[in-house]
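Chains as they are written, first to last, in our numbering: chain E, 1 to 302; chain Z, 1 to 302.
Keep in mind that a hint or two might mislead.
As the list makes no split between identical chains, a pair holds if one copy fits it or if it spans any two.
[Said to hold, decoys possible] In the DMTMM-like style, the derived pairs of lysine to aspartate or glutamate whose C-alpha atoms are separated by at most 20 Å in a straight line are:
1) Lys113 <-> Asp55
2) Lys161 <-> Glu177
3) Lys96 <-> Glu107
4) Lys47 <-> Glu130
5) Lys83 <-> Asp3
Since the hints were derived computationally from the structure, they do not count as laboratory data.
Keep in mind the model is a prediction, meaning the values are calculated, not measured.
2 protein chains.
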Amino acid sequence: MLDVCLLGTGGMMPLPNRWLTALMTRFNGSSLLIDCGEGTQITLRQKGWSHHDIDTICFTHYHGDHICGLPGLLLSIGNADRKEPVTLIGPKGLMKVVNSLRVVAPELPFELKYIELNEKREVININGYEIIAFKVNHSVTCYGYTININRAGKFVPEKAKENEVPMKFWNRLQKGETIEEDGRIMTPDMILGEPRKGIKLTYCTDTRPVDIISEEANGADLFICEGMYGTDEFIKKAKEKKHMTFPEAALIAKKAEVKQMWLTHYSPSMINPDDYKESVRKIFPDTVISKDRRSITLSFED
Amino acid sequence: MLDVCLLGTGGMMPLPNRWLTALMTRFNGSSLLIDCGEGTQITLRQKGWSHHDIDTICFTHYHGDHICGLPGLLLSIGNADRKEPVTLIGPKGLMKVVNSLRVVAPELPFELKYIELNEKREVININGYEIIAFKVNHSVTCYGYTININRAGKFVPEKAKENEVPMKFWNRLQKGETIEEDGRIMTPDMILGEPRKGIKLTYCTDTRPVDIISEEANGADLFICEGMYGTDEFIKKAKEKKHMTFPEAALIAKKAEVKQMWLTHYSPSMINPDDYKESVRKIFPDTVISKDRRSITLSFED
């Protein structure tokens, strides 16, 4: 099970009653945050989710509305007396940007680890999450993220016996361990069936529509996508600012055949995003015009 | 007339429904901000006051809860297309700290000017405000601020005649100009009576009680003071963290003979500051347990 909460739905600047876009997920005791704008720690507290278990923070890019809340969040996590390291993931320049912002938070009781993204596509396995970062198309280097919770196959005793795996190792192999005994190496696939369908979440803000997004979001259980502008009347501005309109996002969702799409990252000038609900649902019916702190629990099938 | 708004009343970290402590004043078209924690721009917007006219931002010190909101605010002011410079005032290190935080806001459409405080007490005249910065006693270098709106004396025609000031200069002299004609220098005091009582506001957070505070706040129309802890039961913690209790603040207000005191900068662990109202009013009756966005307009006498 993966808990997902869209902490805010605003773009550019925080507004009363509309926090900046950021996502938190919880899986197996380990929380992951994507982006941290000004006020993210407050909306997180409003939701009632703890910042103490945030092990990983991913950044799409380093515009202020996606990272200004980091020093305050780190200070608050520190005040909650966290000792375990926090891993930060983001485009090249991550360490420089974070160290600059940390001028007001130079001492923390936990270690920060850095993973800087340099390739067009990178895969990172951390705390049970498979994170796929893929480069999108914004005015600065920006990445989208797919979070996969992969699921091993079922235990098949016949297969274990067939492969002559001693019963004493079955449990450890089921947990994913690789075991060596007397020079023989035993791997989980020797006792398990085909991997089962896992959970897939794709998150994408601050970009023009590019093919990579529908490719990476393909078949996602949940696709969270920016919609800076409500209609294609704003297409010129969207192109200039390197953002998307609702219809553009809907076309990606349709092409990627995702189960549902949540729109977010609304322009401060968009008073009521719901106004565009019907028109966008004509393109992709399973569109949700998200509000702050919308959450869902995604479960494995069966 | 000086409009005053206490934008938030929290200390240490922003909470839902309690923003971090910051003050905004408006005088004669020029706004001044003291401190800018995470979310200050949002509570300002909730109040309905514009960030566009902020000409001056003073910092008490550089702990995160007093400055983390600066890059976001500067970006928002920039988005509102301000062109006029903004002057920043704060303890030594100001430029270094601000430039570090500006890693996410490197380009702004207006100039930033810096006034770094080095002395125990400094007086700065800017946009009709007389700002007195005075060093207090916190875990890092920290200043309190007095804002004076000074008021010249009344025009006295008899005095102007007595001093043989030509009538054609009366208006300009009343506006504060100094005029030279044929080698003779004429100053406003040659046509004005004794300066009248102005408006005085003193603002002080993040400090232990020290004599300088009551000296600088003496006779203030409004004294805004930190009260991190409600009662003297917390005196040990207050001393350790270099903060004050409500009773300590009240003793300063009493000694300084201010007209009224507003408490602020409550610890996140203080659920209901009002619980301590009666006890603190026994020491200083004109104490207000402030809530976010409390405001007042201070007027000249008569």
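*Give the relationship of Lys96 and Glu107 under a CA distance limit of 20 Å: within one copy only, between copies only, both, or neither.*
both (16 Å within a copy, 17 Å between copies)
*Homo-oligomer pair classification [Asp3, Lys83; C-alpha up to 20 Å]*: neither (24 Å within a copy, 45 Å between copies)
_20 Å Cα threshold - placement of Glu177 relative to Lys161_ = Answer is within: at 18 Å inside a copy they meet the 20 Å cutoff, but 100 Å across does not.
_At most 20 Å between alpha carbons: which applies to Lys113 and Asp55, within, between, both or neither?_
within (10 Å within a copy, 39 Å between copies)
*Is the C-alpha distance from Lys47 to Glu130 at most 20 Å within one copy, between copies, in both cases, or in neither?*
neither (25 Å within a copy, 44 Å between copies)
The structure fails to meet hints 4, 5 from the earlier list, while all remaining hints are met.
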